[in-house]
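J.: These protein sequences, in sequence, are chains C and L. Here the first sequence is numbered in the numbering used here, starting from 1 and rising by one per residue. Here the second sequence is numbered in the numbering used here, starting from 1001 and rising by one per residue.
Hints are computed from structural coordinates only; laboratory data are not their basis. It is possible that some hints are incorrect.
[What the hints assert, rightly or not] Okay, the calculated beta carbon distance ranges per label pair: (1) Q81/C x A1039/L: 24 to 34 Å; (2) S69/C x H1079/L: 40 to 50 Å; (3) S12/C x H1073/L: 38 to 48 Å; (4) S1059/L x D31/C: 16 to 26 Å.
[To be verified] Below, simulated PhoX-like cross-link-like pairs (lysine-lysine); rule was C-alpha separation at most 20 Å, straight line: (5) K1041/L x K38/C; (6) K5/C x K68/C; (7) K5/C x K1052/L.
Virtual Cβ for every residue (Gly too), placed ideally from N, Cα, C.
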Amino acid sequence: DQQVKQNSPSLSVQEGRISILNCDYTNSMFDYFLWYKKYPAEGPTFLISISSIKDKNEDGRFTVFLNKSAKHLSLHIVPSQPGDSAVYFCAASGGAGNMLTFGGGTRLMVKP
Amino acid sequence: ETGVTQTPRHLVMGMTNKKSLKCEQHLGHNAMYWYKQSAKKPLELMFVYNFKEQTENNSVPSRFSPECPNSSHLFLHLHTLQPEDSALYLCASSPGQGNQPQHFGDGTRLSIL
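Given the sequences, and given the hints that come with them, work out the whole structure.
T.: Pasting the structure below:
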């Protein structure tokens, strides 16, 4: 049973527009959420995170929103650039440890 | 990024072979992790080491044997693997306990013949 789900396997967006990637979780013990980006033949690269005490965190073009009541988080990229084309993973952890549970990923394609 | 280095990048081995995957981190972190990514599946946590001590074994078969001689190095010893063990094996490190991001290596692509 997947505790972190990314229901959209792929997303295509025009350059300059907003990309919105979504993630749902089921475990109410999760209190820390992260987004990673992965290019082919490379490992995942950390993008942005959010603690459950916040509902929004922003870093440049990237903003993560957390809706705890809906157990949903999203990553907004604006404006989208062709170099943003990659697979994006959301991840979550909870409790005292640092064990991450990953979603299945969403492939983002930004068209010039 | 050269903070976490994995070798080899690719490995092909038979089911009766014994091989080892190596991971080295240059970030001064105290926690290291092994993950497995199979085709069309999410990353799965395999093992966690904190300050060289194994703190998590996520029901991994004994044909996978981790070793952490110090906080900078992590090995995954492989023996008598099965074809379904073919996957991308990723190593990660983080400063330690608590809510902090993990930093990943580029992985070892393992193929079992």
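J.: Hint by hint, note whether the structure agrees.
T.: Status of the hints after comparison with the structure:
Our hint of 24 to 34 Å for Q81/C and A1039/L holds, since their Cβ atoms are close to 28 Å apart. Restraint check, S69/C to H1079/L: a C-beta distance of roughly 48 Å satisfies the suggested window 40 to 50 Å. Distance hint check for S12/C and H1073/L: the Cβ-Cβ separation is about 42 Å, which falls inside the suggested range of 38 to 48 Å. In this structure the hint that S1059/L and D31/C lie 16 to 26 Å apart at CB holds, the actual value being about 24 Å.
A threshold of 20 Å between alpha carbons decides the hint, and for K1041/L with K38/C the separation of about 15 Å falls inside it, so the pair holds. For the proposed pair K5/C and K68/C, the alpha carbon gap of about 15 Å is at most 20 Å, so the pair holds. Distance restraint check for K5/C and K1052/L: the Cα-Cα separation of roughly 32 Å exceeds the 20 Å cut-off, and the hinted pair is therefore not satisfied.
This entry does not satisfy hint 7, going by the numbered hints stated previously; all others are met.
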